[in-house]
Amino acid sequence: MSQLRYALYTGCTAKQSTPELLSSTLAVAAKLDIELTILEEASCCGASHLQDFDPFLSHVLNARNICYAEKLGLTMVTICNTCQLNLAMTKEALDSDPTLKARVNEKLKEVGLEYKGTVAIKHFLYALIDDYTLEAISQKVTTPLSHFNIAPFYGCHNIRPSHLHKGENPYVPNSLDNLIVALEGKAVDYASKNKCCGFHVELQANHTSEILAGNAMIDAIDNNADMVVTPCPLCHLKMDTYQDNISKTTGRDINIPILHMPQMVALALGCSADEIGFKYHVSKATHIMPKA
Amino acid sequence: MHTKKVTLKVFRFNAKTDYLPYYKTYELEVSDHEVMLDLLNRIKWEYDGSFSYRRSCRHGICGACGIKVNGKSILACKENAFEMTHLFGDELILEPQSKKRAIKDMIIDKSDFWAKHEAVTPYVVADIDEHPEHENQISQAQLAQMLDADYCIQCGACHYACPVIEVNDEFFGPAAFVAAYRFAIDSRDNATHERLKATAQMGQGVWDCVKCFECQEACPKDIAPIEKITRLHTMQFEHKVAVPNIATRHAEGFVRSIKKHGFLDEADIVVYSEGYLGMYKHLKTAYKMIKAGKIHWNDGLPWVDNVPKSKNLEEIAKLIEISQTNKL
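Line by line, the protein sequences give chains A and B.
Residue numbering for the first sequence follows our numbering, starting at 236 and increasing by one per position.
Residue numbering for the second sequence follows our numbering, starting at 4 and increasing by one per position.
So here's chain A without its partners, still in its complex pose (with noise of 0.2 Å):
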């Protein structure tokens, strides 16, 4: 296989409260020989609350994302749902209406810029499944995660709208399940994996967003799940952080860790501690790290 290269589009939280999102993802890359080139230019996606206020403003903004992508003539990848989406959302809107594109390039020549959309947009847990595949990166797990039952949260914005995410069933979705018995773990299945965490209601409905995670981990717990993965940033956040306010307000004990999808991953190839960042947790997840 010739080596896969791609444009990393982090995102703001990888590059803030979620630091080990971006060094585990990084370690697997390196681990995988994947070469990932840092989009330095790339401004905030709006995380969809921009789009609630200046669509305009959200698609000229993205572009100029995309455009830098464009310019190394790479796919971008992401590694956060909400990145992804909204980044897919400005690609179907201006490839689908010549006049909004016109306008946006109006405003990025400005700046000597082109949206041309000759790049794909796809988050990295489908650049590992589709591009490096399943069968290799089981060939390279030096730790199995055998012992462990993991239950995948795919995260809204992975799976919903269905026509801009192919291949995956909103319903039944299965690409986490399957990376999960790649690396040798047992994936629980419960009804709550492709449900909504709550996150982007979090300060203005903070019920709302407290019952939906706590549904959902919940739901995992009582299947027997030893820990979540998914693939969301702000999912990570909603449910990592949150777990003490989240049991008072369902009346439930819920203790449990939370892992960002390249931790987990990055935990079966044998990646250093430091690295998959366990210590940037606030509900416990370092007793999962194995013994040195």
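Heads up, a few of these hints could be off.
[Claimed, not checked] Where chain B lies over chain A, by a calculated footprint (3+ residues, C-beta under 8 Å):
no.	region
1	251–257
2	283–289
3	292–302
4	401–407
5	437–447
6	473–484
[Claimed, not checked] Straight-line Cα separation of at most 20 Å, PhoX-like style, residue types lysine-lysine; simulated pairs:
no.	chain 1	residue 1	chain 2	residue 2
7	A	344	B	321
8	B	75	B	102
9	A	514	B	291
10	B	291	A	519
11	A	421	A	375
12	B	284	A	483
13	A	401	B	75
14	A	250	B	291
Don't read these hints as lab results, they were simulated from the structure.
Source: prediction; values computed, not measured.
From the three backbone atoms N, C-alpha and C, an ideal C-beta is built for every residue, glycine too.
Keeping the supplied structure of chain A fixed, place chain B upon it in accordance with the hints.
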């Protein structure tokens, strides 16, 4: 014509006589010509005459036969049974749109749906000339503004797929928002302002939407309610209905952060949305995040700048300057 054996696990409940619902299993030889409604009919006609469900037009337009199959909201008369087995395998679970609202089998009490529909004034509000001399026309461009919102058949598929409806009784829900948008954007309407104000209210309005896209996936008419929800958000700013509050400042705060750093300033967006006084409820979480090294003790202080910067930041500032359309 192909046929195959399909196992149907069917939700059964009679609110008058049953303490708890139960699932009854039926095995049917199903053909690739049959829609899910045919299977409901066959259960009733061939197995149990007391089995109850709503049906009427059989043409995907009355919205009566909405049910859930393996958790997916469908119109029973529209969905081919073989296609359902391609999605979910040969064992299908048939449930009402909302189990907690079940009256009898597939029939639910939809009164919350209709109350919320009514609450957004789902009709044109205008002074009517009783003796008009010509039609009240709207232009093609004005019609295009409505998008496909007028195709909603009030089947309830999106409403009962929405996770917020299950948690927050006040929330209008995706179908009511589609109706609110459809009439708010109508050029003949005089109640746009009131409708936007109602959908701007915290608790009931669009700011409580969790952006899960379940509604877009559920709609049998492919309407994408969340697209209209997003339009209602932006219309609140365009029509100057939006008032500064935690949700609107949160949306607008992204521009402020991106202009300064390219990236979102995660601490600043919370302080900016909540106000300094509102921060007390985040102190415990902030302490835990500082302890874990996720944030720093001085994040969010206006004179400290811990946020990473995008390269070519001046491009981003310039693009915001020339592209920003809305203001709070």
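Against the structure, the hints:
1. 251–257: That given contact holds, which follows from 4 residues of the region 251–257 of chain A lying within Cβ reach (below 8 Å) of chain B.
2. 283–289: Satisfied; 7 residues make the cut.
3. 292–302: Coverage by chain B holds for the region 292–302 of chain A (4 residues, Cβ < 8 Å).
4. 401–407: holds (count 4)
5. 437–447: With 8 residues close enough to chain B, the hint holds.
6. 473–484: holds (count 4)
7. A:344 with B:321: holds (11 Å)
8. B:75 with B:102: Judged against 20 Å, a Cα distance of about 13 Å means the pair holds.
9. A:514 with B:291: Distance ~12 Å between residue 514 of chain A and residue 291 of chain B Cα, so the pair holds.
10. B:291 with A:519: holds (12 Å)
11. A:421 with A:375: Answer holds: residue 421 of chain A to residue 375 of chain A is near 18 Å, not above 20 Å.
12. B:284 with A:483: With a Cα-Cα distance of about 14 Å, the restraint between residue 284 of chain B and residue 483 of chain A holds, given a limit of 20 Å.
13. A:401 with B:75: holds (18 Å)
14. A:250 with B:291: Holds - the C-alpha atoms of residue 291 of chain B and residue 250 of chain A are around 19 Å apart, at most 20 Å.
Checked against the numbered hints given earlier, the structure satisfies every one of them.
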